[in-house]
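Below are the chains, spelled out letter by letter.
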Amino acid sequence: MGITLPILILALPFTMFLILGIGGVKMSRKLAGTLGILANGALAVMAYIVAFTYFFSGEAQFILDGVRQQVQLFDVTWLAFTERMVVNIGFLLDPISAMMLVVITTISFMVHLYSWGYMEHEPGFQRYYAFLALFTFSMLGLVVATNIFQMYIFWELVGVSSYLLIGFFYKLPSAVSASKKAFIVTRFADLFMLIGILVLSYYVSHTPADGPLGGASAFNFMMLNAQPTNVLASTLGATFLSGSVLTWAMILIFVGGMGKSAMLPLHIWLPDAMEGPTPVSALIHAATMVVAGVYLVARFFPLYCIVPDSLTFITVVGAITAFYAAVVACAQIDIKRILAFSTISQIAFMMVALGCAYNEPIEGVHYSGLGYMAGMFHLFTHAMFKALLFLGAGALIHAVHSNDYTKMGGLRKYMPITHITFLIGCLAIAGIWPFSGFFSKDEMLAAMFNRHWFWGAWMTMVAGLTAFYMFRMYYLVFWWEENPEYKTSHHKPHDAPWQMSLPLIILAAVSCVAGFIPFGELVTYNGEPYHIHIEAPVAATSLTVAVLAIGLATAMYVKKNPWPTRLKNMFPALWQAAHRRFYWDEIYMFITHNIIFNIICRGIAWFDRHIIDGAMDGMAAVTNWCSVRIKGMQSGTVTAYVRWYFIGAVLLAAITWICLL
Amino acid sequence: MDLTILWYIVPSVIMFCAGVYGFCTRKNMIALLISLELMLNSADLNFIVFNRFLFPGTMDGMVFTLFAIAIAAAETAVAIAIIINIYREIGNTDITSVKQMKF
Amino acid sequence: MDSVANIILYFVVALCIAIFSVLTVTSRKILRAATYLLFVLIGTAVFYFQLGYQFLGAVQIAVYAGGIMVLFVFSIVLTRRPDDVAPLLDSHRRCLGICVSVAGAVLLLLAFFFMPLLDGMSLTQCLESGKEINMDTIGNAFLGSGRFQYLLPFEAVSVLLLACIIGGVTVARKR
Chain W
3 MGITLPILIL ALPFTMFLIL GIGGVKMSRK LAGTLGILAN GALAVMAYIV
53 AFTYFFSGEA QFILDGVRQQ VQLFDVTWLA FTERMVVNIG FLLDPISAMM
103 LVVITTISFM VHLYSWGYME HEPGFQRYYA FLALFTFSML GLVVATNIFQ
153 MYIFWELVGV SSYLLIGFFY KLPSAVSASK KAFIVTRFAD LFMLIGILVL
203 SYYVSHTPAD GPLGGASAFN FMMLNAQPTN VLASTLGATF LSGSVLTWAM
253 ILIFVGGMGK SAMLPLHIWL PDAMEGPTPV SALIHAATMV VAGVYLVARF
303 FPLYCIVPDS LTFITVVGAI TAFYAAVVAC AQIDIKRILA FSTISQIAFM
353 MVALGCAYNE PIEGVHYSGL GYMAGMFHLF THAMFKALLF LGAGALIHAV
403 HSNDYTKMGG LRKYMPITHI TFLIGCLAIA GIWPFSGFFS KDEMLAAMFN
453 RHWFWGAWMT MVAGLTAFYM FRMYYLVFWW EENPEYKTSH HKPHDAPWQM
503 SLPLIILAAV SCVAGFIPFG ELVTYNGEPY HIHIEAPVAA TSLTVAVLAI
553 GLATAMYVKK NPWPTRLKNM FPALWQAAHR RFYWDEIYMF ITHNIIFNII
603 CRGIAWFDRH IIDGAMDGMA AVTNWCSVRI KGMQSGTVTA YVRWYFIGAV
653 LLAAITWICL L
Chain L
9 MDLTILWYIV PSVIMFCAGV YGFCTRKNMI ALLISLELML NSADLNFIVF
59 NRFLFPGTMD GMVFTLFAIA IAAAETAVAI AIIINIYREI GNTDITSVKQ
109 MKF
Chain C
3 MDSVANIILY FVVALCIAIF SVLTVTSRKI LRAATYLLFV LIGTAVFYFQ
53 LGYQFLGAVQ IAVYAGGIMV LFVFSIVLTR RPDDVAPLLD SHRRCLGICV
103 SVAGAVLLLL AFFFMPLLDG MSLTQCLESG KEINMDTIGN AFLGSGRFQY
153 LLPFEAVSVL LLACIIGGVT VARKR
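Residue numbers (the working numbering), protein chains in the order written: chain W, 3 to 663; chain L, 9 to 111; chain C, 3 to 177.
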């Protein structure tokens, strides 16, 4: 494969960003929207060609003896600090980046199309498409990064575009504060990631040039991932921390992923990010950007495996987050918030799956890299059905003009397309055969049971909760009791226009069949194909749990009944805590405002205000005082100036002369 | 009786101090300019005198006097242009009424 | 020993310069002040001739007495009637002016008298020891770029004059 397509894949969205961003104000909505959609369609086609060439062409550079290879289609030097500290910009093609190309361009295209209908009447339509193009560019650059530094640059760029899109409705104070919150929290996490990157690259670049790692760039993924043992060796004995240096570095890098992927305790930004336009939530905060953390772990997988403690850390964080987010999602009223917490929970699921993977054969385990494959599989299927759910929620909001399920109810009669597609999305996320979520979830649970029965059981419970809260939302929105306002209102809720319905139908179709993709043949941790087979006990358990949870939700919510309220009144404290997301925001507010601002910053502010400002003010005051005193000398009379000048000259001459005598 | 350097310096000093007096006391801008010319002229005379009596072999003083005359002419022309402009603006050439540079 | 004619010429011119320069700054009629200035400038030109700088004396008369004086007279005529009389000076201003200028004169003269460097040759000796400065020498000095030659200042002055022409026109033109 030449380098034309890879370069075009990066250049096209960036050019679109420039064109729409600079020339957008002069364009009509129609032109801007058409341009954006066409460019993204072309982009999707190019990404499909690249991915299909990689997976199915059988070329020797892509698949060698049945093992899929990592290929750098191009890799040019951008900054050279030292001989080993070189920052490149390139295009890395391997199973996960090829898969991500497909996911990003597909969802991005769907969202572009959908936004045409959804954002039709919003001011700043052209700006919106420009930001979408910027996001697509940054996300593509992130997944094809050949080295840590390129990844970090694009990592920050997706953060910026996410910030811009969350704060798209910049006249709403809540949107502005949500965008700031998202940016600050993820930047805070990225600080740790940067430290981790620096620690890692420092030790790698300081190994002797004739050693096993000699001659390679300290940042390059292929080098790092091909020789994890040598990387570990290069850090051994370097400090008193010995081998744990690498563990620390990998955990610090993972903290960056925690920020982007909204893992506990850095999850607080994602629910608020729902203030952005709903298609943006579908693209960025459900399908692509938030899984960057998972992608990060997958990208560094060999290094994480060489230090198993970091994998354990990932597993624990993921497991706690998954459960927490699932519980909170059961007690939310805003449908976008429910979906946001469901996203957090599902991403945590992938994290646990990755954490449960091994990179070498283990006794008694038929396939040790199952967690990796399953996590990636779930990333793929989740992107599709979660984007579907978000876009469906967008259609609901478009029809009802509220995010609140209390304003909905009984909508199935009014919006049949949305109803069917939403139901498919719910079935997929709940893990019901034959929808895509079932297959990926089954593989993930199998991997977790392989690692330890506890993780498997715990995550099965989370899967049950997932099914419950999704169907709770589904029933409350589409069944329950019809909102009486619909009858009286002259503006009845109805299905969205075709630009919005078409993506829903396409994504629903994908969610129905994606499970049958032989994913194991395509994406595995070492490139060797693996034949997926359903593990009957695991599948049966998870299916039973899901069906039970759906049954419970049906019993509770299909028709209006007092039971949910009664249950809520039975455990008021629990409901309140879950509804307030277990007070995480309050804890953060307490820490930042009461502790950091009040105690630490007050002293600093005092110092700044009185010592630094005081010194400056004092200088200004002294100057001012002097100038007021002497400004009378500047009378504006030229003769007076001459007089003073001459008197001065005479005095100087006299002094000089006296001194010379 | 010899005509030494001091003989020529005395009228130069008188000329210069007359210029200073004029510059300090007069109010008419053209009169100020005339006083200025007196001072410049005395400086020119000094250049020549020093050149002649101290360094008779060279011609530096003379050359610089020539330059000074050229510059004095230029300066006078510009100054008179400014004075005429001011006269057009405020109707007189009194230096005390031009006080915009104050503070 | 200088010739008597030279000494007499010196005294006449020196007296002339002293008197007319004082008159220049004390006269209350501005046109008269300009005329007195003309006499001072001519006196200076005579000194230049006496000191052996014929070219410089000619320039002094041509540029100063000819050019600048015409400018002065024109500007005086443009800005006020020629018979206008300046108001009497207040005693404070005059006192201050006298103090400053007399103090300056005394200081300068004292300095010159006590400077040991300055007593030396007479005018005749100097004129004999110095070589004659003719137009040829001056022309070479102005247009050469060697030691004791002044091409660069010459060019700088010509640019300055051009700037002054433009500046004068710009400043004085009617808006």
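Read the hints as simulated data drawn from the structure, not as lab findings.
Mixed in with the good hints, there may be bad ones.
Unchecked claim - Quick list of in silico lysine-lysine cross-link-like pairs, DSSO-like style, CA-CA up to 30 Å: (1) L:Lys35 with W:Lys173; (2) W:Lys409 with W:Lys633; (3) L:Lys107 with W:Lys173; (4) L:Lys107 with L:Lys35; (5) C:Lys176 with L:Lys35; (6) W:Lys633 with W:Lys415; (7) L:Lys107 with C:Lys176; (8) W:Lys32 with W:Lys173; (9) C:Lys133 with L:Lys107; (10) L:Lys35 with C:Lys133.
Claimed, not checked - Covered by chain L, according to a simulated footprint, are these stretches of chain C (three or more residues, beta-carbon under 8 Å): (11) 31 to 39; (12) 61 to 71; (13) 137 to 150.
What the hints assert, rightly or not - Simulated DEER-style distance windows between Cβ atoms: (14) C:Val72 with L:Lys107: 28 to 34 Å; (15) W:Leu20 with L:Lys107: 35 to 41 Å; (16) W:Ile649 with L:Asp10: 50 to 56 Å; (17) C:Ser131 with W:Gly634: 23 to 29 Å; (18) C:Ile10 with W:Arg631: 37 to 43 Å; (19) W:Gly634 with C:Arg96: 18 to 24 Å; (20) W:Gly634 with C:Val72: 39 to 45 Å; (21) C:Ile10 with L:Ser105: 55 to 61 Å.
Positions of the beta carbon are idealized from the N, C-alpha and C atoms, including for glycine.
If I claimed the Cβ atoms of C:Val72 and L:Lys107 lie 28 to 34 Å apart, would that claim hold in this structure?
holds (31 Å)
Are C:Lys133 and L:Lys107 close enough, with their CA atoms no more than 30 Å apart?
With a Cα-Cα distance of about 52 Å, the restraint between C:Lys133 and L:Lys107 is violated, given a limit of 30 Å.
Is the hinted pair L:Lys107 and C:Lys176 satisfied, with a Cα-Cα distance of at most 30 Å?
holds (23 Å)
Between W:Gly634 and C:Arg96, is the Cβ distance one that fits in 18 to 24 Å?
Holds, at about 23 Å.
Verify this for me: three or more residues of the stretch 31 to 39 of chain C with a beta carbon less than 8 Å from a beta carbon of chain L.
Since 4 is at least three, the answer is holds.
Regarding C:Ile10 and L:Ser105, is the given constraint of 55 to 61 Å on their beta-carbon distance met?
Because 47 Å falls outside the window, the suggested range is violated.
Tell me if the straight-line CA distance from L:Lys107 to L:Lys35 falls inside 30 Å.
holds (13 Å)
Taking 50 to 56 Å as the stated bounds, is the beta-carbon spacing between W:Ile649 and L:Asp10 within them?
violated (36 Å)
Distance restraint evaluation - W:Gly634, C:Val72, Cβ atoms, bounds 39 to 45 Å:
Check passed, 41 Å falls within 39 to 45 Å.
Beta-carbon spacing of W:Leu20 to L:Lys107 - inside the hinted bounds 35 to 41 Å or not
violated (57 Å)
Holds or violated: L:Lys35 and C:Lys133, Cα atoms, limit 30 Å.
Between L:Lys35 and C:Lys133 the Cα gap is close to 46 Å, so the pair fails against 30 Å, i.e. violated.
Test coverage of the stretch 61 to 71 of chain C by chain L using CB-CB distances below 8 Å; three residues minimum.
Our answer is that it holds, as 6 residues pass the Cβ test (under 8 Å) against chain L, meeting three.
Checked against the numbered hints given earlier, this structure breaks hints 1, 2, 3, 6, 9, 10, 15, 16, 17, 18, 21; the rest are met.
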